[in-house]
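> What follows is each chain in one-letter form.
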Amino acid sequence: MDLYAQNILDRFKHPFHKDKSVKSDLQNQEANYSCGDKVESKLETKGEKLIKYSFSGEGCAISQASADILGDLVEGKTLDEVLAMGKDELFEALGIDISLRRSQCALLGLLTLQNAILKSRNEPMRTWNHFT
Amino acid sequence: MNHRDDFPIFKNRPELIYFDNGATAQRPQSVLDAEQKFYTTYNSNIHRGPNFLAEEATIAYEDARRKVADFLGAHHKHEIIFTRNATEAINLVARTFGETLQAQDVILLSKLEHHSNIVPWLQLAERKDLEIKYMGLSTDWRVRFDPALFDERVKLVAITGMSNVLGTITDLKPIIKAAHAVGAKVLVDAAQLAVHEPINVHDLDADFLVVTGHKIYGPTGIGVLYGKEGLLNSMPPFLGGGDMISAVFADRFIPAALPSKYEAGTPNIAGAIGLGAAIDYMTKLGFKNIQKSEHELGTYLLKQLQSLSFVKIVGPETMDHRGSVVSFTVDGVHPHDVADGLSSKGICIRAGFHCAQPLMDHLKLSGTARMSLNFYNTKEEIDKGISTLEEIYKYFNK
Ligand SMILES: Cc1ncc(COP(=O)(O)O)c(C=O)c1O
Chain A
1 MDLYAQNILD RFKHPFHKDK SVKSDLQNQE ANYSCGDKVE SKLETKGEKL
51 IKYSFSGEGC AISQASADIL GDLVEGKTLD EVLAMGKDEL FEALGIDISL
101 RRSQCALLGL LTLQNAILKS RNEPMRTWNH FT
Chain B
1 MNHRDDFPIF KNRPELIYFD NGATAQRPQS VLDAEQKFYT TYNSNIHRGP
51 NFLAEEATIA YEDARRKVAD FLGAHHKHEI IFTRNATEAI NLVARTFGET
101 LQAQDVILLS KLEHHSNIVP WLQLAERKDL EIKYMGLSTD WRVRFDPALF
151 DERVKLVAIT GMSNVLGTIT DLKPIIKAAH AVGAKVLVDA AQLAVHEPIN
201 VHDLDADFLV VTGHKIYGPT GIGVLYGKEG LLNSMPPFLG GGDMISAVFA
251 DRFIPAALPS KYEAGTPNIA GAIGLGAAID YMTKLGFKNI QKSEHELGTY
301 LLKQLQSLSF VKIVGPETMD HRGSVVSFTV DGVHPHDVAD GLSSKGICIR
351 AGFHCAQPLM DHLKLSGTAR MSLNFYNTKE EIDKGISTLE EIYKYFNK
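Protein sequence lines correspond, in order, to chains A and B.
The first sequence begins at 1 in the numbering used here and counts up one residue at a time.
The second sequence begins at 1 in the numbering used here and counts up one residue at a time.
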């Protein structure tokens, strides 16, 4: 069996950003109710910059690996840069083809993160439609 | 029983292993032919044109209704209302019968319900200030009949005939009896049940019963509400429009008689005719044969799953009081990844909450993988599924 690229399986089993203790200035939780994936993200910020990212959650390999790999991309970005991220940037970092049926899994981490920022600004939160 | 050849999809995709019958069944050629024949030889609207073509279409549509009535054991053909699916049939009852309920009335559901037999009642409860209560699960994973829940406040009991997650079959009769004893009506969601077990609404004494065409080898977009004649007559109409009226004046209308009263607008004529053909198909095979075959397949599947130390069956481990719909979890592998792994080998299953989130919460599960078999599945397919599960487990635990 060769289901997912090795990096996905590795990051699913040995995540870098999962359950780290960060000063959580911003936090948010989202779930993909049709399949039971859950992600909660915590962000430490300095001014307008996201300096540390951590998440907790449970779910399929894609949802959890993607929420983890997302951390590599966002630490150091400004909050506006994080909000401007689209699915292409994330999917490229995952390095695998994401089928339509798995794209919600892959996007759960990003949605959770972006909504953490929007929530703190009292702005309307995003839904999956934002990425289509 | 080998009737695989009746299903063109298995000719077109010889490698396909389809274990997702609980989501939708495959269609036999005879159903496709019936729909095609309608469109190519007597396509016309029904109940409208005073011409021979409309007459032929009307006869075929009404003939399909008679087949459904016979299939469900209804006394009258006009107790059968065509809808889009089971979901719409339940919503129809919520928007008609439901409108007659009063604040503080109770609707009794079970923890095993599909969202389509929960949400319409939650919506109604919000509109009418009703209370929703739930029957729990028994130790054998079926709806637990708890007489204490039945009192005069209960006005409707809406329960599944068969769980789409656990595969368990509800012992409906005691529940229906207890409901009637306190003056409540009963709606049976037979969306999963109807493909596995013969149903007789009369014998059950169900007040409403819903079926969805696509799970019993019929087309998508056609479903059925059975309702007792007296109830259907007493309830207000549902959607308004053409066909559902007998007269319209500038300031009022008179609803049509049953069944048209609940069928506003041009219905899914081809779908109803296709559903009639699906019922003919099942009748020709015979429920005895269908059940025998599915019992064997289910028994084999349960046994093979039990032989895998890393698999937990969610539901009963024998075929007593259950159909060939089996949920399970794989240690250390999320159900979605199980489904993806099987999918990579050409095997279709469903994974996740199965539109039954309250049940998942109750069982404290974040989803299951589900294999649902119909008579056309084979033991060889099950073997392939089992060996693929072993591969998946190894892949995630290497
Ligand atoms: C038990 C049960 N009830 C209701 C439904 C809804 O059927 P439909 O989506 O065809 O309306 C389903 C199908 O998923 C089901 O399994």
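A hint or two may mislead.
Derived EDC-like pairs (lysine to aspartate or glutamate); straight-line CA-CA distance at most 20 Å [stated by the list, open to error]:
#1 B:155 with B:140
#2 B:398 with A:10
#3 B:185 with B:317
#4 A:13 with B:140
#5 B:345 with A:19
#6 B:111 with B:70
#7 B:303 with B:381
#8 B:284 with B:88
#9 B:312 with A:72
#10 B:364 with A:2
#11 B:292 with B:320
#12 B:398 with B:317
#13 B:312 with B:391
#14 B:312 with B:197
#15 B:364 with A:58
#16 B:394 with A:10
#17 B:284 with B:320
#18 A:38 with B:391
#19 A:46 with A:10
#20 A:13 with B:317
#21 B:288 with B:70
#22 B:173 with B:131
#23 B:292 with B:197
#24 B:379 with B:317
#25 A:38 with B:361
#26 B:384 with A:72
#27 A:13 with B:331
#28 A:20 with A:58
#29 B:228 with B:88
#30 B:379 with B:146
#31 B:345 with A:58
#32 B:394 with A:75
#33 B:398 with A:2
#34 A:13 with A:40
#35 B:177 with B:151
#36 B:384 with B:88
#37 B:11 with B:391
#38 A:87 with A:75
#39 A:18 with A:40
It is worth saying that the hints were derived from the structure and are not from the lab.
> The structure should be examined with respect to each hint, and the outcome stated for every one.
Status of each hint after checking the structure:
no.: 1; hint: B:155 with B:140; result: violated (27 Å)
no.: 2; hint: B:398 with A:10; result: holds (11 Å)
no.: 3; hint: B:185 with B:317; result: violated (33 Å)
no.: 4; hint: A:13 with B:140; result: violated (35 Å)
no.: 5; hint: B:345 with A:19; result: violated (34 Å)
no.: 6; hint: B:111 with B:70; result: violated (31 Å)
no.: 7; hint: B:303 with B:381; result: holds (14 Å)
no.: 8; hint: B:284 with B:88; result: violated (29 Å)
no.: 9; hint: B:312 with A:72; result: violated (36 Å)
no.: 10; hint: B:364 with A:2; result: violated (30 Å)
no.: 11; hint: B:292 with B:320; result: holds (13 Å)
no.: 12; hint: B:398 with B:317; result: violated (28 Å)
no.: 13; hint: B:312 with B:391; result: holds (16 Å)
no.: 14; hint: B:312 with B:197; result: violated (26 Å)
no.: 15; hint: B:364 with A:58; result: holds (13 Å)
no.: 16; hint: B:394 with A:10; result: holds (14 Å)
no.: 17; hint: B:284 with B:320; result: violated (26 Å)
no.: 18; hint: A:38 with B:391; result: violated (26 Å)
no.: 19; hint: A:46 with A:10; result: violated (30 Å)
no.: 20; hint: A:13 with B:317; result: violated (31 Å)
no.: 21; hint: B:288 with B:70; result: holds (17 Å)
no.: 22; hint: B:173 with B:131; result: violated (24 Å)
no.: 23; hint: B:292 with B:197; result: holds (11 Å)
no.: 24; hint: B:379 with B:317; result: holds (18 Å)
no.: 25; hint: A:38 with B:361; result: holds (14 Å)
no.: 26; hint: B:384 with A:72; result: violated (39 Å)
no.: 27; hint: A:13 with B:331; result: holds (14 Å)
no.: 28; hint: A:20 with A:58; result: holds (15 Å)
no.: 29; hint: B:228 with B:88; result: holds (18 Å)
no.: 30; hint: B:379 with B:146; result: violated (39 Å)
no.: 31; hint: B:345 with A:58; result: violated (25 Å)
no.: 32; hint: B:394 with A:75; result: violated (34 Å)
no.: 33; hint: B:398 with A:2; result: holds (12 Å)
no.: 34; hint: A:13 with A:40; result: holds (18 Å)
no.: 35; hint: B:177 with B:151; result: holds (13 Å)
no.: 36; hint: B:384 with B:88; result: violated (37 Å)
no.: 37; hint: B:11 with B:391; result: violated (27 Å)
no.: 38; hint: A:87 with A:75; result: holds (17 Å)
no.: 39; hint: A:18 with A:40; result: holds (10 Å)
Going down the numbered hints, you'll see the structure goes against 1, 3, 4, 5, 6, 8, 9, 10, 12, 14, 17, 18, 19, 20, 22, 26, 30, 31, 32, 36 and 37, while the others check out.
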